[in-house]
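Visitor: The lines below spell out each chain.
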Amino acid sequence: MSAINPPASHESAWRGLTVARLKRAVRLGLRSLWQHRLRSLLTVLGIVFGVCSVIAMLAIGEGASYEAQEQIKSLGSQNIILRSVKPPDEQKISNQGSQSYVLNYGITYADAERIQATIPNVTVILPARNIREYAWNISKRVDCEIVGTVPWYPTMRNQRVAQGRFFTDKDMATRTSVCVLGAEMVPLLFPLESPLGKHVRVGGDYYQVIGVMEAHGHEAKTDETTETKDKSAAFRMFVPLETIKMRYGEVLMRRRSGSFEAERVELHELTVKVASLETVTGVADAIKTVLERNHKKKDYQIDVPLEMLRRAERTKQIFNIVLGSIAAISLLVGGIGIMNIMLASVTERTREIGIRRALGARRRDIIIQFLVETVMLSGIGGIMGVMLGVTIPLIVSHTAGMKTIITLWSPLLAFTISALVGVVFGIYPAVRAANMDPVEALRHE
Amino acid sequence: MSAPIVKFKDVTKTYQMGPVTVEALRGVSFAIEPGEYISIMGSSGCGKSTLLNLLGCLDRPTTGHYFLGGQDVSQMDDDALSAVRGARLGFIFQSYNLIQQLSVVENIEVPLYYQDWPEAASREVAHKLAARVGLAQRLDHKPFELSGGQQQRVAIARALVNDPLVILADEPTGNLDSASGVEILKIFDELHAQGKTLIIVTHDPTVGKRARRTLRLCDGLIESDVRH
Chain V
1 MSAINPPASH ESAWRGLTVA RLKRAVRLGL RSLWQHRLRS LLTVLGIVFG
51 VCSVIAMLAI GEGASYEAQE QIKSLGSQNI ILRSVKPPDE QKISNQGSQS
101 YVLNYGITYA DAERIQATIP NVTVILPARN IREYAWNISK RVDCEIVGTV
151 PWYPTMRNQR VAQGRFFTDK DMATRTSVCV LGAEMVPLLF PLESPLGKHV
201 RVGGDYYQVI GVMEAHGHEA KTDETTETKD KSAAFRMFVP LETIKMRYGE
251 VLMRRRSGSF EAERVELHEL TVKVASLETV TGVADAIKTV LERNHKKKDY
301 QIDVPLEMLR RAERTKQIFN IVLGSIAAIS LLVGGIGIMN IMLASVTERT
351 REIGIRRALG ARRRDIIIQF LVETVMLSGI GGIMGVMLGV TIPLIVSHTA
401 GMKTIITLWS PLLAFTISAL VGVVFGIYPA VRAANMDPVE ALRHE
Chain Y
1 MSAPIVKFKD VTKTYQMGPV TVEALRGVSF AIEPGEYISI MGSSGCGKST
51 LLNLLGCLDR PTTGHYFLGG QDVSQMDDDA LSAVRGARLG FIFQSYNLIQ
101 QLSVVENIEV PLYYQDWPEA ASREVAHKLA ARVGLAQRLD HKPFELSGGQ
151 QQRVAIARAL VNDPLVILAD EPTGNLDSAS GVEILKIFDE LHAQGKTLII
201 VTHDPTVGKR ARRTLRLCDG LIESDVRH
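From first to last, the protein sequence lines stand for chains V and Y. Position 207 (the first sequence) corresponds to 207 in our numbering; numbering is contiguous. Position 212 (the second sequence) corresponds to 212 in our numbering; numbering is contiguous.
Hints listed in this document are in silico derivations from the structure and should not be mistaken for laboratory results. Beta carbons: idealized from backbone N, C-alpha and C, even for Gly.
Computed spacing ranges between beta-carbons, pair by pair:
1) V:Thr315 <-> Y:Asp78: 53 to 59 Å
2) V:Ile329 <-> Y:Pro19: 45 to 51 Å
3) V:Leu22 <-> Y:Glu145: 26 to 32 Å
4) V:Asp437 <-> Y:Asp10: 22 to 28 Å
5) V:Thr347 <-> Y:Glu190: 37 to 43 Å
6) Y:Asp78 <-> V:Leu420: 25 to 31 Å
7) V:Ala344 <-> Y:Glu145: 24 to 30 Å
Interface residues of chain V toward chain Y, partial, derived using beta-carbon atoms under 10 Å:
8) Ser32
9) Arg351
10) Ile355
11) Gly360
12) Ala361
13) Arg363
Work out the full structure, taking the sequences as your base and the hints as a guide.
Guide: Structural data, given as structure tokens:
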């Protein structure tokens, strides 16, 4: 009636796992999972949340660190930035409101010359003076920082001019009253027209707008890496250094309610560009020694973007390790949940196992049946987790305005691990099912 | 005379139950020719179930030899025994033992599934056999939607699907009312008429009488071997 080979040889017992058989095992497993769908769903929740939280947290962390790194990179990784800082004890005096006290602090032109002259590997030096003032366009005003600087500022600080041009050496030499606006200022001062060619008033002086800088990210928000800044620091207006010197002299007066204070700061900012990345740290140390020797108080601050970048990368690494352990724990818990249910399922289906064994199923067939079921359970959990984990960052960046980055490897990794969890935690119940004595299993009620 | 299809030679089986050694079979020898219809009878505890488990290759004898179709299966390993069960034996149980989540056709197909039959072919055979036991209209029903007699007929179809050398039935009518029982026995008669080899384990004398030969077990030994 039918052609069945006698099962004489051992070879037949070792017939491998064919694709067709695996396909049927998958179908069988799906059906059995579907029959207990509520139980299956509850079982995989652990995996779902584990996978989902890993992907979501990684995406948010990746986004945050990307922004920080972009920020630091925009300062230039070959740069060392020196900033003048009001020394703490001086700050106290000025707060007491002494009437005609002139504060003398900060980085001087002499420092700049000394650094350039004594430290090798220093290529360019970029001095800058920053003055807080209101910038006016007739009746519109913006509280901004006026940066007196040199023509090579944009190239050194990785910033680009969006419209018009930056000022040139000639502007410097002739001390022309021109300015380049930060992109963020433009909509406030010139909401309707192009600012190019127009004039901006600062104090009693007018500056012609010759260019607009390109916007670069949310500077004010993620700026915890640099000095303590207030929001208005985002608004910057660039003017030739020589012009600023001429207009303001060296002493800066500032009136405050009832009293006024005067500061003498020669340079607010000094950016040193180093020839190569390898020498950045050494040069930074050298600058530190030079400044320490010439300043009685610590009225300066040295920022090395490269070091900040490295710190940020280390922070990210630690973050990833923490995340990894959370993921491992949650997947472990999920896996234990799955194993628990599979053990219960094996007991529940003892009779079925006995029947299958009596009808010719080898131990291996039983193992495959249960293992496929467990792997599918955790795999489905993994897929659900990936879907959820990809959606959550989208919602977060949409509602909270945070940047999130989903790297390709994080869902892949999370899914692979969840499938592996299925294999690892599925093996024991499957082996237990396979090792049942068929006679006993058939007698089981 | 053709070679025996089943041959037991001095088969013993002892179980270790804690400190007690139970001798379930104490040296049993017999032979069954192809096409025989034989019943194994005896009171409970006489070694009937043990003999059935050995006949069904679900267990191995402690000593002695069991030749199935001329092949000594008494010391085969687990995988080989599984293969023998799947290809050479058909089982019919007292409580039907259908897999609850599978439909009638799928239940009939199970042995072929483990023989790696292509799906289309096994489906065809299963359909044919379902029709033969009168269940052509219920192919997609689940076991719980069927009566006891119908379920046992599915089990018979399943036992036939791999064209076995021997069909083993363990109290096949034990859970059925008399009408359904008679129906099942009628199918057995038909199978016998077609030349199948049938072994029925039972303690019901009416069932035992329908067989052409009765092997009576008592206390682990063959008490009588009567042809009628």
